[in-house]
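J.: Protein sequence lines, in the order shown, are assigned to chains Y and F.
Going letter by letter, the first sequence gives residues -19 to 214 in our numbering.
Going letter by letter, the second sequence gives residues 4 to 381 in our numbering.
If you're looking for bench data, these hints aren't it; they were derived computationally from the structure.
Note that CB positions come from ideal geometry on N, CA and C, so glycine has one too.
There could be a bad hint or two in this list.
[To be verified] Covered, in the sense of this in silico footprint (three residues per stretch, anywhere, with C-beta under 8 Å from a C-beta of chain F), are these stretches of chain Y:
| # | region |
| --- | --- |
| 1 | 55 to 63 |
| 2 | 79 to 89 |
| 3 | 96 to 107 |
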Amino acid sequence: MADLAIKADELVKWFGEGDAKTVAVKDVSFEAYFGEMLYIEGPSGSGKTTLLSMISGILRPNSGRVTVEGKEIWSLPADQIADFRLNTVGFVFQDYHLFPRLTTVENVAIPLILKKVDWNESLRMSLQYLEVVGLKDRAQLTPTKLSGGEQQRVAIARAIVSSPDILIFDEPTASLDGDTGRRIVDFVKKNILNEKRCILIVTHDSRIFEYADRIMKMEDGKITGVVKGGVREE
Amino acid sequence: MRGTLRIAFKLLINDKGKFAALLVGITFAVFLMVMMTSMFAGILHRSTATVINIGAKIWVMDSAVNTVASSIPMPDYILDAVRSIDGVKYAVPLYSGAALVKLQSGVYQAATVIGLDDASLFGRPALIEGRIEDIYVENAFIVVKDSEFPKLDNPQLGSEFEINDHKAVILGIAKVTSSGLFGIPTLYTTYKRAIQYIPSTRYTISYILIEPKSADAVQNIKLQVKNLGYEALTKDDFIHKISMFYKYQTGLGINVLLMTVISFIVGLSISGQTFYTFILENLEKFGALKAIGAKGRELVYMIMFQATFTCLTGYGLGIGLSSLIIAFAKLRLPSYAARITYGNLAFAFVMVLIIAGISSYIGIRKVIKIEPFDIFRG
């Protein structure tokens, strides 16, 4: 049995008050393990991005606990939660959110720079990660000159450059065609995932389900089931 | 911190259009503010030209005097009384008045006439042509070679003209530190000749110039002169009094102040709005930085750095541009009064810092409020 990476206990999150109150996540509990690629799958509005945000230290739950590597993150002060995001979690946003005014290598270096690594050293390390994602020759270009797939890979390089234990992908294939999407996820599974890393992917793209170790299905803010190796667990 | 500031710097300067618009706004505002305040400083400086050029340490005058040109004549016994005050090394009379000069061409030209004490010639200008002792020669005048000099038909040594039907001859050409404000030439002669040539009132002493025995004596001299019913001002006090008059009693100050405030508002509007647009366009990126792990204060530093860098660069460009234009204008227009002082520079600097502060504040408010979750949600 692999080590426990994430433990979510009875997470609840609602938005608005009174008549406008919407409960996005309802009493969700689950565990994720190192070496695992866990998908959170469900229709739009099912609460999967909200759930991921609470796990990654971005959105404070109304109730419940999130424990990552044995640490209860929402009991930490704001600065330490920011440090947790910086040191423990790597994000690949749906829209990538690359900086068009910075070069590709500078984009990748951002987490290192935030960690106060020397500028030149950050670029040197980032170049290595660009090589990992096969874009070393694009290092000095701005992201606007890259294709969608290449931008996705730059975002991946940025997410892994500071060697986080938890990687979070939000709809990684939403902006890509089917082949490119599959190639990207295949690449992540083969090159990025390892026994010391846990990858969570929010998606409703069934074309990439084959790469998941487990698929957690969400609907109306609840986990309705977990599929492992094509077999429904519960 | 240096790394995040470098990111901020690159985000700023790589957005060339916005950066240029920001710089233009700040530069323009600084340019206008410096031009307006320099003009004002130049006018004030010129209004005190006689005080600077004569160089006396203490000036005695009627307390109603506001400018050198508006002197109120004092009786001769005041000079004797002042000379007897303890702490006065010496005291001399000075005549300052206006006269109409009839040039050889028949044209009349207004001029300021300064009459120096016959015995000491205290306050005499430095001559560039002629000899100072020639001022005692019959009908002798010394002309100041400043921006108004051509109005006397560019006189040379020996040039003749008339003042109040008296013959006058130029026997010296002088240079002075500062040109006058009112756009008329300046002539120097002896005190006696001045009051002889120019129609005068019963009393003729415009000012009494005092050289105190020591700096400690100044307070006592002021007190004793006050007891005589007059006012004794040090050179700096007199300059200050004249400045205050022009600033607050002529409307000049308020007009220049209004123009300066308008310049400030123009600069603030352009830079504030452009900076706000810049922040709005980068809001998602700041949110992404926050999501990745940047702390709120790091984003605040980034924005403050961007605003400060832009404002200081604009400040430098604005100062450079206004200096160039003032220097060029002075080359072409000798009577152009603008004068950049440390005060102008400090004022513009403070205004630019205020612009940077307000622009930063607008941006910081937006960025602090952005939630990483909004970025995540897309």
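J.: Would you mind marking each hint as holding or not holding in the structure?
T.: Status of the hints after comparison with the structure:
A stretch counts as covered by a chain when three or more of its residues have a beta carbon under 8 Å from one of that chain; for the region 55 to 63 of chain Y and chain F the count is 4, and the coverage holds. Coverage of the region 79 to 89 of chain Y by chain F holds. Counting CB-CB distances below 8 Å, 4 residues qualify, and the rule asks for three or more. A stretch counts as covered by a chain when three or more of its residues have a beta carbon under 8 Å from one of that chain; for the region 96 to 107 of chain Y and chain F the count is 5, and the coverage holds.
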